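Novice: Sequence:
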Amino acid sequence: MTDSTLVRSLQACGALDRYRDAFTSIASALVGVEVLPLARHYNVRVAADAVGGTLLVALLGSALPTMASTWIETSVGTVIWLGPDEWLVVEGIGQVGLEGRLRNAVIENDGAVVEQSGQRVSFLVTGDAAGLLTKGTSIDLHPAAFPAGTAVQSFLGQTIVVLLARNDSATEIEILVRSSFARYLADWLLDAASDPLATP
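Residue numbers (the working numbering): 192 to 391.
Keep in mind the hints are simulated off the structure, nothing from the lab.
Keep in mind that this is a model prediction, so the values were computed, not measured.
For each residue, glycine too, the CB sits at the ideal point set by N, CA and C.
There is no bait here: all hints are sound.
Straight-line alpha carbon distances no greater than 20 Å define the calculated EDC-like cross-link-like pairs of lysine to aspartate or glutamate that follow:
no. : residue 1 : residue 2
1   : K326      : D378
2   : K326      : E225
3   : K326      : D382
4   : K326      : E365
5   : K326      : E363
6   : K326      : D386
Computed beta-carbon distance windows for the label pairs:
no. : residue 1 : residue 2 : range
7   : D301      : R231      : 15 to 25 Å
8   : E290      : H333      : 30 to 40 Å
9   : G285      : V305      : 14 to 24 Å
10  : T328      : M258      : 16 to 26 Å
From just these sequences and the hints, can you work out the full model?
Specialist: So this is what it looks like as structure tokens:
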């Protein structure tokens with residue numbers, strides 16, 4: 192086989208591609224797990240009450256989440272509160288040139304933008320998401336304590352994740368995890384979902 196033939200036979204794949212069929216096979220009326228498409232991530236630091244913060248709000252088309260443990264959906268994507276002057280912006284589908292627009296808004300105003308796209312991957316757990324994830328976290332995921340717009344960082348199993356409440360019933364929870372722990376978490380989710388009584 193020539194080198195050119197070998198190159199033509201290669202196909203691009205992600206670290207979690209082999210889990211897609213496994214997640215499909217364990218899907219039930221009770222719980223579902225899927226790997227979300229890769230998205231660009233940007234860590235943004237700027238004072239919310241400064242010029243850069245005002246320009247950032249104009250770019251997002253929405254006020255910044257300024258309360259701890261919150262996130263919002265904006266016209267450019269998801270914005271997660273990380274600290275009083277720090278947010279994680281997850282680029283929405285179809286966005287073009289977002290990094291440049293973020294930099295234009297904050298760099299000249301004592302802010303910073305760091306592209307972190309290779310750092311995290313995301314899973315979406317549906318159905319009895321709270322019941323499944325409670326097997327591995329001490330966070331109270333009851334809808335009364337974990338309503339839509341809540342974002343928390345905690346351990347899930349043996350890795351640190353960010354959990355996002357996507358609705359008010361705790362039936363859609365997004366998990367952001369470091370790429371280096373993604374396969375571990377995928378295996379953990381498969382174990383937890385395959386046996387309702389199991390605690391991985």
